[in-house]
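2 protein chains.
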Amino acid sequence: MARPSPLSGFPELLPAQRVVERDVIDSLARSFELHGFANIETRVVEPLDRLAKGGEIDKEIYVLQRLQAQPDETAGRAPELGMHYDLTVPFARYVLEHAGKLEFPFRRFQIQPAWRGERPQEGRFRQFTQADIDVVGQGELPFHHDVEVMRVMVEALDALPLPPLSFQVNNRKLIQGFYRGLGIPDVTAAIRVIDKLDKLPAEAVAEQLVEAAGATPEQARTALALAEIRVPDTSFVDRVRALGVHDELLDVGLAELAAVVEGCAPATGEHVSVEANLRIARGLDYYTGTVVEIFMRGYERLKSVGGGGRYDALASDGRTSYPGVGVSFGVSRTLVPLLADGVLAGSRPVPSAVLVAVNDEESRPASDAVAAALRARGVPCEVAASASRFGKQIRYAERRGIPFVWFPGAGEGGDQVKDIRTGEQVDADPAAWRPPDEDLRPSVLTRTIDDEESTP
Amino acid sequence: MARPSPLSGFPELLPAQRVVERDVIDSLARSFELHGFANIETRVVEPLDRLAKGGEIDKEIYVLQRLQAQPDETAGRAPELGMHYDLTVPFARYVLEHAGKLEFPFRRFQIQPAWRGERPQEGRFRQFTQADIDVVGQGELPFHHDVEVMRVMVEALDALPLPPLSFQVNNRKLIQGFYRGLGIPDVTAAIRVIDKLDKLPAEAVAEQLVEAAGATPEQARTALALAEIRVPDTSFVDRVRALGVHDELLDVGLAELAAVVEGCAPATGEHVSVEANLRIARGLDYYTGTVVEIFMRGYERLKSVGGGGRYDALASDGRTSYPGVGVSFGVSRTLVPLLADGVLAGSRPVPSAVLVAVNDEESRPASDAVAAALRARGVPCEVAASASRFGKQIRYAERRGIPFVWFPGAGEGGDQVKDIRTGEQVDADPAAWRPPDEDLRPSVLTRTIDDEESTP
Chain G
1 MARPSPLSGF PELLPAQRVV ERDVIDSLAR SFELHGFANI ETRVVEPLDR LAKGGEIDKE
61 IYVLQRLQAQ PDETAGRAPE LGMHYDLTVP FARYVLEHAG KLEFPFRRFQ IQPAWRGERP
121 QEGRFRQFTQ ADIDVVGQGE LPFHHDVEVM RVMVEALDAL PLPPLSFQVN NRKLIQGFYR
181 GLGIPDVTAA IRVIDKLDKL PAEAVAEQLV EAAGATPEQA RTALALAEIR VPDTSFVDRV
241 RALGVHDELL DVGLAELAAV VEGCAPATGE HVSVEANLRI ARGLDYYTGT VVEIFMRGYE
301 RLKSVGGGGR YDALASDGRT SYPGVGVSFG VSRTLVPLLA DGVLAGSRPV PSAVLVAVND
361 EESRPASDAV AAALRARGVP CEVAASASRF GKQIRYAERR GIPFVWFPGA GEGGDQVKDI
421 RTGEQVDADP AAWRPPDEDL RPSVLTRTID DEESTP
Chain X
1 MARPSPLSGF PELLPAQRVV ERDVIDSLAR SFELHGFANI ETRVVEPLDR LAKGGEIDKE
61 IYVLQRLQAQ PDETAGRAPE LGMHYDLTVP FARYVLEHAG KLEFPFRRFQ IQPAWRGERP
121 QEGRFRQFTQ ADIDVVGQGE LPFHHDVEVM RVMVEALDAL PLPPLSFQVN NRKLIQGFYR
181 GLGIPDVTAA IRVIDKLDKL PAEAVAEQLV EAAGATPEQA RTALALAEIR VPDTSFVDRV
241 RALGVHDELL DVGLAELAAV VEGCAPATGE HVSVEANLRI ARGLDYYTGT VVEIFMRGYE
301 RLKSVGGGGR YDALASDGRT SYPGVGVSFG VSRTLVPLLA DGVLAGSRPV PSAVLVAVND
361 EESRPASDAV AAALRARGVP CEVAASASRF GKQIRYAERR GIPFVWFPGA GEGGDQVKDI
421 RTGEQVDADP AAWRPPDEDL RPSVLTRTID DEESTP
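Top line first, the protein sequences correspond to chains G and X.
Residue numbers for the first sequence follow my numbering, so the first one is 1 and each next one is one higher.
Residue numbers for the second sequence follow my numbering, so the first one is 1 and each next one is one higher.
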């Protein structure tokens, strides 16, 4: 078997990198649970007719086939299966399938991989892990959950060791109401056009507003003026009012967006800021109110590292509809580039805080007993693989980043333990000794990259 | 969208059931890490030529195809991909691919789903989660790691809230050496035949030993006598000796098996026992020494819920070989039936220990502030979705199994909290009050099923 080469688009982490990913996932789960979000996992496959919507994404769906399908199966009695490409489609199906056994509003978080057969590039993978939170109601879902969901994700991301993140929030009702009040004939087309502002110059967008949405040049100018508003507080309300457009839906949108910005303010910190950015539309059609995109400083080239919003029909079984509001955070999209750049690293590739040395193979049971005593008090450790020279055993620990080496019977009255970073060696009792808390488990190391270095 | 129906072979857990699965996975991870095993995750796909070995399993491999593959891709430049059907094949590939960046012996644990397109039945699924531990060496791997790996899995499973488990251990060298010393012409065929003892009566197996392995009737009887030995200690050594067979490989096998049984003894407890069972062979050809199968009392119909052993060539790149020893535990195979039978259940479907009531929508921020104060001290909580009558808010908590309801401003000098199980309501300060530790998080409830009820 030759040495295998990596598969493009399927990143894999080394053990020390995986320390970072687990730490991030554990931290997210703790934050979500503090807010009452329950964890679920869905199967990774869905019937193809539930995945394929006739849109762009269809090209990227992976379909499952048995290597040697039986003749009666190819006849097509079983539904064709595809791998989910996000966590929203399977969650909507889960809610419908298990609705009778769930309590609404249902808060859930889900941290799982998804698959897209797209062309791999930095931050875009064929297998990638996402962390999603959603609140779903049965029939109705009060607006205050919009504020709740955004605040929970702000808090959860603020607890992570990431470069500064920015939540750019907007509201579909605000945009729609504004365009309607302004008198633009095709509001939906206008939203689609405005969404191109990060790719096209303002004049080109203005032209398209005229051509595709039927706006007058004056209306296009006013629409662009709206899209230029970006503030870290609720001052956007006065600035929108100053544009002189009046509409009931606009009023609702302004109030909702102000409530989200104000509601998130107590949760923002050093790492996460929240801004009203009135050009954020999110192309996908199913958003109906709050929308958000999340960006990471120094990594603007990744585009958004998360996003979400309010959708008034996450799912429906014909009689009952299930409105929801949620945010998704791209775990792989964020971490894989940060790990590659060395911005984040695990402090060591093994959980062991202690390597218990072995004097000779005959006394291995004594070393095992030391390890058992340490583990009984929660100290991760391993016993040396071979009874080689102590210098070699110490280097074995060094290569793994294990901070302490234990020498059974090395002292006058018993054992000794050596901090191999300082060289300090002291008498120690396996039934009482503990490493300092910061050495007990591998931790996440962070390195700041200045913007110039990290922006290509 | 009609209400979706479940997909056969793809079990999904409700939130309270998922509490149990997460608890089990967290406990396994903690145990493995105490012993210095590092966590990795591999991508879920492998090139098909690495998965398909021309054996029975090939029929069950799921192959991935893009829904709308581009013409240049169907031309076959990219390797065909299949979903992994266990965690051993991807681990072997991971070791080869990343060998230059790993330290050997490499201890890893891996808890991930795998996929097999087999006919679903109880305990056999098309998507199922496994928990694997392995130690892999570069070039060589001392025998003491066999003892280590078995002991670690015994300890890890002993910490779980499962019905009693039995590790049935044997050694391939023991069987091979015994058959060779006995003079059976085709040792490999004999192992394959003996492996059928749980399906066929002893006489039928004896006949096949004669027919397929070229044994004399006398040799077949002695081989069966070996297979009948099953003891919870090292007394098997004397019983094998009493059969009068002599062989060097047999001696090595006896010593190794005795070391495993003795080495595991200190780790066995109420829940897990270890027995030498000399009929355990494990059909797969790559085992070369220690072999183990794990059974669960009352669930013998599931066959083994785990297994593993020593393989002298987990992987090889042509120049270097990587011997390993490992055990796999079937998380889904074990938990899905136990959850279905109600032997295990989660204590509540939500993480929240407290529901903070809302007096009216105007005072929602006050309720949010109480929740924030509780969370700051690690108490998971949620705020009532609507300011309905308190009776309704209490029932909302009841339906979710949330033990406490908090009433802002209900007392003379401040808030009150009610234990809705006892009805007791007391004054409480959100900056100081804590629920009892056992109520802080959802826990795993266990119910004993007597054997008669659970064996069909």
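Honestly, the hints are just simulated from the structure, not real lab data.
Each residue gets a CB set at the ideal place from its N, CA and C atoms; glycine is no exception.
Careful, some of the hints might be misleading.
As the list claims (entries may be wrong) - One side of the interface only, derived from the structure: several residues of chain X facing chain G at Cβ under 10 Å:
id, residue
1, F10
2, P15
3, H145
4, L224
5, D360
6, E361
7, A371
8, W433
Claimed, not checked - Simulated pairs of lysine-lysine, DSS-like, Cα-Cα distance not exceeding 25 Å:
id, chain 1, residue 1, chain 2, residue 2
9, G, K199, G, K101
10, X, K392, G, K101
11, X, K199, X, K303
12, G, K59, G, K303
13, X, K392, G, K392
14, X, K303, X, K196
To be verified - Some chain G residues close to chain X (C-beta under 8 Å, calculated; not the full set):
id, residue
15, R18
16, G36
17, R43
18, V45
19, D58
20, K59
21, Y62
22, G82
23, P105
24, R279
25, R282
26, Y286
27, P349
28, R364
29, E382
30, R395
* Asked: If you draw a straight line from the CA of K199 of chain G to the CA of K101 of chain G, is it 25 Å or shorter?
  -> violated, 45 Å
* Asked: Taking only the CA atoms, is the gap from K392 of chain X to K392 of chain G under or equal to 25 Å?
  -> Distance of about 68 Å is beyond 25 Å: violated.
* Asked: Would the hint on P105 of chain G stand, with a C-beta cut-off of 8 Å toward chain X?
  -> holds, 5 Å
* So, A371 of chain X near chain G? Judge it on the closest CB pair being under 10 Å. => holds, 8 Å
* To do: Would you settle whether the hint for V45 of chain G is holds or violated, based on the nearest Cβ-Cβ distance to chain X being less than 8 Å?
  => holds, 7 Å
* Holds or violated: R279 of chain G as interface residue toward chain X, Cβ cutoff 8 Å? -> Constraint on R279 of chain G not satisfied, violated at 30 Å.
* Close enough to count: is the Cβ of P349 of chain G nearer than 8 Å to one in chain X? -> holds, 6 Å
* **Interface hint outcome for R43 of chain G [beta carbon to chain X under 8 Å]** => Holds: closest Cβ of chain X sits about 4 Å from R43 of chain G, inside 8 Å.
* Could you check if G82 of chain G really has its C-beta closer than 8 Å to a C-beta on chain X? => Holds, about 7 Å.
* Asked: Between K59 of chain G and K303 of chain G, is the straight-line Cα distance small enough, at 25 Å or below?
  -> holds, 21 Å
* Asked: Going by Cβ atoms only, is R18 of chain G closer than 8 Å to chain X?
  -> holds, 6 Å
* Asked: How about H145 of chain X: closest beta carbon in chain G under 10 Å, or not?
  -> This hint holds: H145 of chain X lies near chain G, its Cβ roughly 8 Å from the closest one there, short of 10 Å.
Violated hints for the displayed structure, listed by number in ascending order: 4, 5, 8, 9, 13, 24, 25, 26 and 30.
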